[in-house]
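Starting from the structure of chain E, add chains F, L and S where the hints point.
Going down the list, the sequences are from chains E, F, L and S. With the numbering used here applied, the first sequence corresponds to residues 109 to 427, in that order. With the numbering used here applied, the second sequence corresponds to residues 109 to 427, in that order. With the numbering used here applied, the third sequence corresponds to residues 109 to 427, in that order. With the numbering used here applied, the fourth sequence corresponds to residues 109 to 427, in that order.
Derived by calculation from the structure, the hints in this document are not laboratory data. Some clues are possibly wrong.
Heads up, the list lumps identical chains together, so a pair's fine if it works in one copy or across two of them.
Straight-line alpha carbon distances no greater than 35 angstroms define the calculated DSBU-like cross-link-like pairs of lysine-lysine that follow [what the hints assert, rightly or not]:
no.	residue 1	residue 2
1	Lys303	Lys398
2	Lys343	Lys308
3	Lys412	Lys395
4	Lys395	Lys303
5	Lys412	Lys398
There are 4 protein chains.
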Amino acid sequence: MKRVAVLTSGGDAPGMNAAVRSVVRIGNARGIEVIGVYYGFKGLRDKNFRLLLPRDVSGLLEKGGTMLMTSRDEDFKEDSYQYMAIDNLKKEGVEGLIVIGGNGSQTGSLSLHCKGFPTMGVASTIDNDIWGTDYTIGFDTAVNTAVQAIDKIRDTATSHARSFIIEVMGRDKGFIALDAGLASGADIVLVPEVKFDIEKIIENIKSGVAKKKMHHMIVCAEGAVHAQNLEQMIKSRIDLEIRISVLGYIQRGGSPSRFDRIIATLFAEEAMNELIGGRAGKVIGIKDNKITHVTLNDAVHNEKQINYDLYRIIEEVSV
Amino acid sequence: MKRVAVLTSGGDAPGMNAAVRSVVRIGNARGIEVIGVYYGFKGLRDKNFRLLLPRDVSGLLEKGGTMLMTSRDEDFKEDSYQYMAIDNLKKEGVEGLIVIGGNGSQTGSLSLHCKGFPTMGVASTIDNDIWGTDYTIGFDTAVNTAVQAIDKIRDTATSHARSFIIEVMGRDKGFIALDAGLASGADIVLVPEVKFDIEKIIENIKSGVAKKKMHHMIVCAEGAVHAQNLEQMIKSRIDLEIRISVLGYIQRGGSPSRFDRIIATLFAEEAMNELIGGRAGKVIGIKDNKITHVTLNDAVHNEKQINYDLYRIIEEVSV
Amino acid sequence: MKRVAVLTSGGDAPGMNAAVRSVVRIGNARGIEVIGVYYGFKGLRDKNFRLLLPRDVSGLLEKGGTMLMTSRDEDFKEDSYQYMAIDNLKKEGVEGLIVIGGNGSQTGSLSLHCKGFPTMGVASTIDNDIWGTDYTIGFDTAVNTAVQAIDKIRDTATSHARSFIIEVMGRDKGFIALDAGLASGADIVLVPEVKFDIEKIIENIKSGVAKKKMHHMIVCAEGAVHAQNLEQMIKSRIDLEIRISVLGYIQRGGSPSRFDRIIATLFAEEAMNELIGGRAGKVIGIKDNKITHVTLNDAVHNEKQINYDLYRIIEEVSV
Amino acid sequence: MKRVAVLTSGGDAPGMNAAVRSVVRIGNARGIEVIGVYYGFKGLRDKNFRLLLPRDVSGLLEKGGTMLMTSRDEDFKEDSYQYMAIDNLKKEGVEGLIVIGGNGSQTGSLSLHCKGFPTMGVASTIDNDIWGTDYTIGFDTAVNTAVQAIDKIRDTATSHARSFIIEVMGRDKGFIALDAGLASGADIVLVPEVKFDIEKIIENIKSGVAKKKMHHMIVCAEGAVHAQNLEQMIKSRIDLEIRISVLGYIQRGGSPSRFDRIIATLFAEEAMNELIGGRAGKVIGIKDNKITHVTLNDAVHNEKQINYDLYRIIEEVSV
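This is chain E alone, in the form it adopts within the complex:
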């Protein structure tokens, strides 16, 4: 193999740049040229290609976002689009493709792979919702950002004896909410996977108030309930001084943590190993603290589960 391409796709995640850097540098060390594809799958169609040299990726480890740009490309689901992409890659002499992205993006990778173009996925999304990997690149940083934000909000909550609902990212999955909630000492955490019972929440709060608890911190995933709606539900039931905060896009950006920089570097190396070794069609991740991979097919067609046990612990350590 003499030439591979790399792209980032879907929502940007801290550590994507570290993964791109690693692909380029590993390629360089092993005599393989690396082509950067800009704007994700869209760049495959538009031939938005650029040869990346080792120093083109200097200083990237610490940078959030993705230098290759990214996009969400609905059209890429069409066969004709995918054939055109493969055609463009082949014309450029590219023999394999690495796709750094989340769940949706790896569906695109699978399509290309099934059409005969050697494609590798690298698990990267702040949502941590790819089956077959314990962690995706970007999750650790996103949760650290959320936790630091909640720490700040707690200053106000404590000073005013005022409760807060904090909405974090997670449309379908509660990974961020569960982790950020546990790490920030939230009293109640709501995730999309578990239907919540507003009356139980009210009971919980009332019991806290009875025990002279000064404030309650509720962390909810956007996919469980919107903070604004939950606030209304609570206020219509009890008289409680409560405020909301929607953390939103700050969770996406920022300089990656040591964990995300390291797994990004290692995932990318393993993707190159497998691609060069003729074993494409995988998503690279980490399982049981070892860099590993599952097939693109399995990754795309299975659903990752949250750790329900954390729920119980959050309840036990809240007083």
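Frame of chain E, contents of chains F, L and S only:
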């Protein structure tokens, strides 16, 4: 003077704790007992008093929020309430009061002072909207927090070539928006003091798009327009990929910056100097880089103006 | 079991407070009183005990250091001391002990356990050098701190085209150096486990200079070589503009990362589970991404190995 | 004026990039081309010039270091060198020069100006030691970094009841030490301007120990005494558990604070105003909270004084 009281009032601000610490430590150094009043003016009525010793305020410099708790107390506007407060202070042997807070809180200080109780204000609010001082305790930290958040959002904006509207605090005043906008490289900043022209904003964006500008960053004070509304206005006029982020309460908390810790320490010392010296009825602040004071009356009845010149510069350095 | 004691020992690590909080809160949830022992093993002899209620540990999750204080106590190796400690615990009605600390501290735990007092270890040290666990509480935060510091130094290295030697903690083990080096893009990493060859380093630098590399970043563990000595070795061999930075104690403190807060909470819960279940004599850690335990005996008498594979990768991604 | 050049010189400081960006953008807005000179004064001799377009400086606001690179160039003191520099600038059609740097660098600016080439200084150094300005670009960020580092060290100091000596930058001036000491709650601060009395320090510590003070925090400027030496002096006189930390180069780098970004933007604009207006030969700074300037001659030949009053306050608030 043998005994003074100190309270924090209104919205909490980073550095309030540093000011409390300074009052207690300066008092100790000069042989004056300091009584902490909890929950702001409400604590005056409820006699929520506690003697503060020098080590009770150890480790406070770096902490956001306020250990004395705070509240917004609408009832305090009533004369009877104020007389009760003075009565409670006198019974406790307190000869002077220091009020650490913002604009609204200093109105309360003025009322007490006018009723004969020696009261000093210390300018502290993230809004920076007290007349007679260039900076209030908490503003520097709040803007740093906002700027770091916008830096993170810029990662996503750049990676997706997507525009953003970021709503910052500031119901009546644009100090945070103006400073955070200039420091984060915003293209457009909207403040409550200046009625904005949506058509001019659209022109600005269109001209940017024509020059192949990849994304626009708009920072708006909550009092100028809500991000959600502005988004609607823009989307109804042009086809632009745009997202919003409401920074909200994260701007209030967090460990204070060196600037806020220092002015908090110095403001509090000056408040003690003036109070002990029999020159109460002031608000302590910083003007022309010198610790200074204005009368409570002037502070409360004058309106601080933003620096309109920054507007022009924001426009000039945006491309 | 009705009453357990908890102490922190050895060098402080971010997340120790989170572990203490979890012990107290889990105890409370399960009807077990928790006694805090102050100043580590020393506190066992001096009966420096205090009953900890659930709210005594409020707000602790985000705090570096340890509210229980810590010490390194050489005398604790003596049998008489240990018997006195057990005696003091029994007199207080304590039926089990949890020791939050590193390698040396768990030797103390083992001694108490072997003398018949049910003792549990919780793996906590920034050094990450306890056998049987992939991570110890504090390591993730310490490496994040080191990486952020190196990022700052890189600004200067890049601006001046000047090389740097950065000395990180690690007297016997290279875990911090290896992780911080990989995550910060160091060109060369030196660990105590591998004897380094100064001539090879010089070759490496010369080859970089020949390729117009502007600066080299060398990360060394204090146990491999002191930055000052390495600087002399290099300067005596080639003419290179090089500076040093010893990160030192900043690596110990600070607010714990989400990872350290979470494993601290889970380790402590598991320690309580095992202690209550009558299965003492373990060290709690995380292996293959699962909370787990090894016997105190195995933990203390085996040596944890660094991942030598990271070495090769650091070399490959450096250009 | 149609073409100006800009360079950064001396030690890098956070905010230098923001100043470069502002020069380029303001130039663009006013129809003036801006030439970037690389590696400081050295670049003038080597004709290391590059035309900078507005988007070449995008994303620079948040970046530490300087994209223009910097150097300390001893040879620039020679007349022949300076004439060559002017010659090179003129050949390139450059009509004015902006020098972003500290005290030493402005001596270079003055030399060029005296030889007839219109030169403007922009005050930028973390040392804050330029006469005529209250703040230099980079100081606020450097002190924030130092304060955050000391906060971390305090975690360990408190947990171990152990004293610390923290050495900060400042060879000739105590601005960083004084500000960082006051903001981090240091008990003792040593600056180059004041000869310290070791016996008085020992008295101070003994008196603290007598009052059951658990640890002492000493902040010293490198120019006052090296931490290692002070440690020896103390240890030879009393038995005290004490450790040292030399903050070193981490104080130079990092993303600039809102304050440094704003003054950098405004200083650069004012430098352009003056240069274009034919009023060169100044150093731009901030005095009494207003952007202002002094002559290069005055700036270079006067010495800025620390605020001795802060000394007294540090003593008063320490217990």
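Evaluation of the provided hints:
Taking the shortest Cα distances, lysine 303 and lysine 398 sit within 35 angstroms of each other both inside one copy (33 angstroms) and across copies (27 angstroms). In the homo-oligomer, the alpha carbons of lysine 343 and lysine 308 lie at most 35 angstroms apart inside one protomer (14 angstroms), although the nearest pairing across protomers, at 40 angstroms, exceeds that limit. Proximity of lysine 412 to lysine 395 under the C-alpha cut-off of 35 angstroms is found in both arrangements, the shortest distances being 12 angstroms within a copy and 20 angstroms between copies. Taking CA atoms no more than 35 angstroms apart as the test, lysine 395 paired with lysine 303 passes in both settings, with 28 angstroms inside one copy and 32 angstroms between copies.
Proximity of lysine 412 and lysine 398 under a CA criterion of 35 angstroms is satisfied in both settings, with 18 angstroms inside one chain copy and 17 angstroms between copies.
Going through the hint list in order, the structure satisfies each hint without exception.
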